[in-house]
Amino acid sequence: MSGVPEQQLAAFLQRVPYIRFLGMRAELNGDEMTAILPFADHLVGNTHLPALHGGVIGAFLEATALAQLSVTQGSAKVHKTIDITVEYLRPGRAQTTYARADLRKVGRRVANVHVEAWQEARDHPIAFLRGHFLLSDPTS
Amino acid sequence: MSVDPEFIRQASEAMASNAPQAQALGFRFVSVEPGRGSIQVPWREDLVGDPDTGVIAGGVVTSLLDHTCGMAIISAAQGFMSTATLDLRIDYMRAAAPRAGVTAMAHCYKLTRSIAFVRAEAWDTDPSDLIATAQGAFIINRPAE
Numbered sequence: 001m002s003g004v005p006e007q008q009l010a011a012f013l014q015r016v017p018y019i020r021f022l023g024m025r026a027e028l029n030g031d032e033m034t035a036i037l038p039f040a041d042h043l044v045g046n047t048h049l050p051a052l053h054g055g056v057i058g059a060f061l062e063a064t065a066l067a068q069l070s071v072t073q074g075s076a077k078v079h080k081t082i083d084i085t086v087e088y089l090r091p092g093r094a095q096t097t098y099a100r101a102d103l104r105k106v107g108r109r110v111a112n113v114h115v116e117a118w119q120e121a122r123d124h125p126i127a128f129l130r131g132h133f134l135l136s137d138p139t140s
Numbered sequence: 141m142s143v144d145p146e147f148i149r150q151a152s153e154a155m156a157s158n159a160p161q162a163q164a165l166g167f168r169f170v171s172v173e174p175g176r177g178s179i180q181v182p183w184r185e186d187l188v189g190d191p192d193t194g195v196i197a198g199g200v201v202t203s204l205l206d207h208t209c210g211m212a213i214i215s216a217a218q219g220f221m222s223t224a225t226l227d228l229r230i231d232y233m234r235a236a237a238p239r240a241g242v243t244a245m246a247h248c249y250k251l252t253r254s255i256a257f258v259r260a261e262a263w264d265t266d267p268s269d270l271i272a273t274a275q276g277a278f279i280i281n282r283p284a285e
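Chains E and H, in that order, are what the protein sequence lines are.
All letters in the first sequence, in the order written, are residues 1 to 140 by our numbering.
All letters in the second sequence, in the order written, are residues 141 to 285 by our numbering.
Extracted from the complex, chain H is given alone in its bound form (with noise of 0.2 Å):
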């Protein structure tokens, strides 16, 4: 199977920032190659999770990273599907640093016909300095042929 770049890359576009709570966050598309994915997620005032330090929410790191992975598997699998979480985990090393926004990078590492496994990491400025790391699975709906 060999799809377009261009294809994934406008798919993975849309995808990224599409969703009503994807629009609602900010999200902005980053990068998209094979099997891994890309968004950010600017800083906003309403989005702060601790009004003592201004820091963005966690619950904001939960759905981009859960979206990311989403991106991450759609260039995995090379085309439009949709998936359903199964399960994720998220570890956050530090907090994300005051009125600062998060990028996401997720790794499709393997996917099989109805599962697919990922594992995504969270920075605010330095992507050697991680905020959170996630690993999900997910189970993929494949549009019938």
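For reference, chain E alone in the conformation it holds in the complex (with noise of 0.2 Å):
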């Protein structure tokens, strides 16, 4: 299945259910998508503070370099994560997350990808991610 990037982001976006539990939306202005996510309590791991969880921040990491390849690759299915590090600078507030994908390689097999997550100000990221995808074959 092929078709313009914001068919292709919407379609991912709606086919996930993990990606609706997460309650996680995003915007394409070009060939630039941002990740949003909104807070809720469900997303909370410390409540004393409270924080989001940091598989949550992880989660969300990994599902914004998923949904930057579904619209760069043009396929609707999901590709295959092989591995991803995380790296937590700050705690995740109660409040609206953003993350942004930079695809550093996408070869025939193996994408490389970065993301950077913040809340308030883009440059105080809250955490990073670097991972490797295996990419499914959109003729398949």
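What the hints contain is simulated information worked out from the structure, not anything from laboratory work.
Pairwise CB distance ranges, derived in the manner of DEER restraints:
#1 H:PRO283 - E:ARG104: 37 to 43 Å
#2 H:LEU226 - E:HIS48: 16 to 22 Å
#3 H:ARG259 - E:ILE36: 31 to 37 Å
#4 E:ALA11 - H:ARG239: 18 to 24 Å
#5 E:ASP83 - H:PRO283: 32 to 38 Å
#6 E:ASP41 - H:LEU270: 28 to 34 Å
#7 E:ALA11 - H:GLY194: 14 to 20 Å
#8 H:PRO174 - E:ARG25: 42 to 48 Å
#9 H:ARG253 - E:HIS48: 19 to 25 Å
Quick look at which bits of chain E chain H covers, simulated, 3 or more residues with Cβ under 8 Å:
#10 16 to 29
#11 33 to 43
#12 54 to 66
#13 80 to 89
C-beta: ideal position from N, C-alpha, C; glycine also.
The task is to assemble the complex, starting from two chains supplied on their own in separate frames and drawing on the hints.
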């Protein structure tokens, strides 16, 4: 399945149940996608701060990489995660989180993707992800 | 320092499922022993990551591994403390089976005054046939003495 990037992205976000569980959205401006994770109580790991669960931040970064790949690769199929490394810089506060993915290298089979997440200011990132993804064959 | 093992068990059981994210994902306490902990997440329709196969999402496994690491740290440190993840690396060896839940086991193999080093693994049905492994470093905030 292929189509314009906006449709590609909307299809990806709609099709994946776990994306809906997170409550993740995304906006596309040209070829630049910004993923948006509105704060929700079920995403909290530490109720005292409160702070987003570290796993949620990692999951949002990974989902951002997969969404960006679905837009760029023109396939509604979900690509497979090979490995991810998440680095945490600041706690995720009880507010909206944003993320952008940078496709550092898209080869024939594997993509190397860096993703950065922030909250109130882009130059104050809360976490980074670096990962490798096995690309699905869009023709299969 | 010696702490009642029953206290550690109760603290771990509470930790396994009390956080809102743990509740939302349906985490279940499996076991705890000094420095090790295990938690399971049952399969659920709304946690699927690939609608073509019905396989549980990687993001669920990320939360599970991170949380299980936290539990292993509490059992290694023998007490309540808050932990924050510094970094977490996850390798995915294979996809979980369709409609399968996932179990994680974490081992906190080194605990310093401020940092915990943890390894973890996850499987769907057979602990010898892993779907993912993880390695992380965590900062620990000990309660004031």
